[in-house]
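Colleague: Same order as they appear, the protein sequences are chains A and B.
Under the working numbering, the first residue of the first sequence carries the number -5, and numbering increases by one thereafter.
Under the working numbering, the first residue of the second sequence carries the number 262, and numbering increases by one thereafter.
Simulated from the structure, these hints should not be mistaken for lab results.
All residues carry an ideal CB built from backbone N, CA and C; glycine is no exception.
Some hints could be false.
[Stated by the list, open to error] Derived pair list, reagent style DMTMM-like, types lysine to aspartate or glutamate, alpha-carbon separation capped at 20 Å:
#, chain 1, residue 1, chain 2, residue 2
1, B, Lys725, B, Asp703
2, B, Lys352, A, Asp77
3, A, Lys8, B, Asp534
4, B, Lys390, A, Asp69
5, A, Lys8, B, Asp353
6, B, Lys501, B, Glu512
7, B, Lys501, B, Glu269
8, B, Lys390, A, Glu79
9, B, Lys390, A, Asp77
10, B, Lys705, B, Glu695
11, B, Lys390, A, Asp80
12, B, Lys651, B, Asp703
13, B, Lys343, B, Glu540
14, B, Lys390, A, Asp67
[To be verified] Per the computed footprint, the stretches of chain B lying under chain A, defined by three or more beta-carbons under 8 Å from a beta-carbon of chain A, are:
#, segment
15, 303 to 315
16, 340 to 349
[Claimed, not checked] Negatives, chain B to chain A, calculated, CB over 10 Å:
#, residue
17, Thr282
18, Thr284
19, Glu318
20, Tyr359
21, Asp534
22, Tyr537
23, Ala550
24, Gly605
25, Ala647
The residues making up each chain are set out below.
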Amino acid sequence: MSGLTRAEVAHVAKLARLRLSDEELDLFTVQLARILDHAADMQSLDLTGVVATAHPYDLINVVREDVVRPSLDRDAVLAAAPDAEDGCFAVPRIMGEES
Amino acid sequence: MALPEGWEMVVGLEVHTELRTATKMFCGCANVFGAEANTNVCPVCLGLPGSLPVLNERAVSMAMAIGMALHATIAPSTFHRKNYFYPDMPKDFQISQYDLPINSGGYLDLPDGSRVRIERAHLEEDTGKSTHLGVSGRIHGADRSLVDYNRSGVPLVEIVSGPDIRSAAQARLYASELRAVLIATGASDGRMEEGSMRIDANVSVRRSGEPFGTRCEIKNLNSLRSLHRAIEFEAQRQVKLIESGGVVRQETRHWDETVGATSTMRVKEEAEDYRYFREPDLVDLAPSAAWQQRVADALGPMPAERRAAVVALLGEVSDAQRDAIDVVIDLGLERFVHATHAAGGDVAVALARVANELAAAGDVSKLTEDAFVATVAMEAGGQLSATQAKTILADLLASGGEPRAVAAARGFEQLSADSLGGIVSALIDANPDEWSRFRDGDDKLAQFFIGLVMRETKGRANGKAVIAELHARR
């Protein structure tokens, strides 16, 4: 067992701005613990000589040239925002941080 | 103000510099300062669903150039997502480099002879910019913030120093030398006032010989002056706190330039849990030897070497000239000084003109080195007054051309030696008392005669030439 606690799940949910009910917390604690257990199983494999990979593609250095492409029309962009003012996205006040 | 006897401060700096690419880090939106809000945005830098980042090749080259200039090791690297919620970051994560940065290790040598280690210099993207509106002053009366995403996704390199700095003055010297190096690599414009170079300072204090103390991170250091003052204040605060029996809390503190003090922004317990994980939309970065070589080949000499080259032309250097050399190196204009030297001209005059007139112009593309050298020669040779030389340089900078032609067009044609001699002789005859006093050794009277000649010639004469004429007759 991974030993994942309900409190840890609640903490992660809070960091991800997810509001979970008590029932959901119970459910996800069990489900996430199973995923972690599966990962722990794989951790126990002997992978000596296997190169670490982050993705299935054998690719490196995928880059583009530094050439400007057209941006979006501002009116269209701001029309999709919940609120706008002075050409900017308007959001609830951000507390206690500098710009 | 030094710390009390027996105390020492330990400072490390984190410097963020925006890169001077044409486009953003992961999309083709223009990377420019001062554009109208939200005009350089696209699905990628707005974090719209389904958009995918593609890395800017030039940003990688610039990061490597910075690494090379700092004697760092360039290694295969990866990108991570740093997760947190903040309205100026629409994806709710920042793409950064975590355990495998592109540059690690390295050092920067400072003009005072000290060396500061560089721990890493990694690539990441900038956030948008938010403006906070107060309750009053707005019709809507809403207490809210406005966000401009033009800066969102602009490429950054974060340069992290080792905890090697021991005074506020050294921190300032490090920041200014690093700034000069960044400008010299071509990767940064170093404009702190525009936020393209930003500094956070980690400050702790200890009694000499003891282990490192608990550090505080100071944010909002927008100038070298702020950096100096904030570190000085913070170190003093920590010493006073400890000496009065208190304990320094690890926290992030905000520097208030008007108050001249730091204050708690957030304490460590409230610190975000960033949940770094590999950015699945980007592959590994492992610049080939050929790519690295191209960057190395394009890298010119660094400021320390270039400064020394100009100093060597001058021999003795005054403080004012040292400042002038810094300006000239920052702007990459020393070729005019070298050209003057190569032509056997007056290097000191050339340095002053480059650091003042050329630096103020911004754009020097219309001024040829030959025209500059000729102007300096005319000034140093007494055919032009300093004021006239400045005017001619301004004309040359604005519209190009050749200094003799500009001088003629301006009516700065030097009086011929004959006509100046005639004027001087006539004025001597008209002012026999003053002349005899000058002959008797009262050099102050030279100014009297220069004034008369200037009035007579409507300012076209050169003071030095007048003095020469006077002495020839003395």
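Colleague: Does each hint fit the structure? Answer for all of them.
Modeller: Going down the list of hints, with the structure as the test:
1. B:Lys725 to B:Asp703: 17 Å, holds
2. B:Lys352 to A:Asp77: 18 Å, holds
3. A:Lys8 to B:Asp534: Within the cut-off at roughly 11 Å; holds.
4. B:Lys390 to A:Asp69: 19 Å, holds
5. A:Lys8 to B:Asp353: 14 Å, holds
6. B:Lys501 to B:Glu512: Holds - the C-alpha atoms of glutamate 512 of chain B and lysine 501 of chain B are around 17 Å apart, at most 20 Å.
7. B:Lys501 to B:Glu269: 13 Å, holds
8. B:Lys390 to A:Glu79: Between lysine 390 of chain B and glutamate 79 of chain A the Cα gap is close to 14 Å, so the pair holds against 20 Å.
9. B:Lys390 to A:Asp77: Judged against 20 Å, a Cα distance of about 16 Å means the pair holds.
10. B:Lys705 to B:Glu695: 10 Å, holds
11. B:Lys390 to A:Asp80: 14 Å, holds
12. B:Lys651 to B:Asp703: 31 Å, violated
13. B:Lys343 to B:Glu540: The given pair, whose Cα atoms are some 9 Å apart, holds under the 20 Å limit.
14. B:Lys390 to A:Asp67: It holds: about 19 Å lies between the C-alpha atoms, which stays within 20 Å.
15. 303 to 315: holds (count 4)
16. 340 to 349: Contact hint for the segment 340 to 349 of chain B vs chain A: holds, 5 residues under 8 Å.
17. Thr282: 5 Å, violated
18. Thr284: 5 Å, violated
19. Glu318: 4 Å, violated
20. Tyr359: The claim stands: tyrosine 359 of chain B keeps its Cβ more than 10 Å from every Cβ of chain A (closest is about 12 Å).
21. Asp534: 6 Å, violated
22. Tyr537: 12 Å, holds
23. Ala550: 13 Å, holds
24. Gly605: Fine: 43 Å to the nearest Cβ keeps glycine 605 of chain B off the interface.
25. Ala647: About 44 Å separates alanine 647 of chain B from the closest Cβ of chain A, which puts it past 10 Å; holds.
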